Amino acid sequence: MFRKTALAAILALSAVPALAGPASDAVRFFYVPVKWEADPEFRERFTGPAKKLFDLNDKMPEGEIGCIDFGPGIDGQDYDDATIKKTLKLAEEVSGDQATVTAHFMLFPEGDDAKREIQWLMVNEGGKWKIADIVSVTSGWKLSELECLPEG
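The numbering of the sequence shown is the numbering used here, which starts it at 1 and goes up by one.
Mixed in with the good hints, there may be bad ones.
Computed cross-link-like contacts, DSS-like style, restricted to lysine-lysine with a CA-CA straight-line distance of at most 27 Å [claimed, not checked]:
(1) Lys86 - Lys35
(2) Lys35 - Lys51
(3) Lys85 - Lys130
(4) Lys128 - Lys142
(5) Lys115 - Lys35
(6) Lys35 - Lys142
(7) Lys89 - Lys59
Just so you know, the hints here were simulated from the structure itself, not pulled from any lab data. This one's a predicted model, so the numbers in the text were calculated from it and none came from an experiment.
Start from the sequences and build out the full structure, keeping to the hints where you can.
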C-alpha cells in the first residue's frame with residue numbers, strides 16, 4: 001500500500017511545473033494565467049525603467065494607443081493560455097539583490113514563430129522581487145528602450 005501511495009505522490013508532483021525560486025514566482029504570476037503587465041493594478045510589482053515606462057503609458061491621452069500595445073511578457077497579442085501554461089519553463093539566476101528569470105514557452109501548440117524566450121530583470125526591494133525590465137530574446141527588444149512620449 002505504501003508503495004502505491006508513494007508512487008501516486010511522485011507522479012502527482014511530477015505533473016506540477018518546477019518553481020525555480022522566489023524571483024521566478026514573481027514572473028510566474030504573469031503567465032499562469034497570462035496577465036497584461038501594463039495593467040495599473042500590477043504596478044507595485046515593477047520598479048525602475050519598467051515602472052517608469054508603464055507610468056508614461058498611463059499618461060497617454062484617452063483613445064490614443066500607448067507605447068505598450070502588446071503583452072511584453074509574451075512578446076505578442078495573441079496566445080493560447082493552456083499552451084503557455086503547459087510549455088512554460090523558468091530558469092533563475094540570482095546575484096545578491098538582482099536576478100534574471102528566463103521564460104521559455106510556446107504561444108500556440110504549433111509553429112516555429114510561436115516559440116518565445118523572455119528575460120525578466122529583477123531587483124529585490126524590501127524583501128520582494130520586483131521587475132525592473134523585460135527583454136525579448138526572441139524579437140530583440142528591451143522594454144526600457146521603447147519610446148513612450150505622452151503629450152503635454
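Okay, the hints, checked on the actual structure:
A distance of roughly 16 Å separates the Cα atoms of lysine 86 and lysine 35; the hinted pair therefore holds under the 27 Å criterion. Proposed proximity of lysine 35 and lysine 51 is supported: the alpha carbons are some 16 Å apart, at most 27 Å. Restraint check for lysine 85 and lysine 130: the C-alpha separation of about 22 Å stays at or below 27 Å, so the hint holds. Between lysine 128 and lysine 142 the CA atoms are separated by roughly 23 Å; this keeps the pair inside 27 Å, and the hint holds.
This hinted pair checks out: lysine 115 and lysine 35 have alpha carbons roughly 18 Å apart, not beyond 27 Å. This hinted pair checks out: lysine 35 and lysine 142 have alpha carbons roughly 19 Å apart, not beyond 27 Å. Between lysine 89 and lysine 59 the alpha-carbon distance is near 34 Å, which puts this suggested pair outside the 27 Å criterion.
When the structure is compared with the earlier hints, a violation turns up for hint 7 alone.
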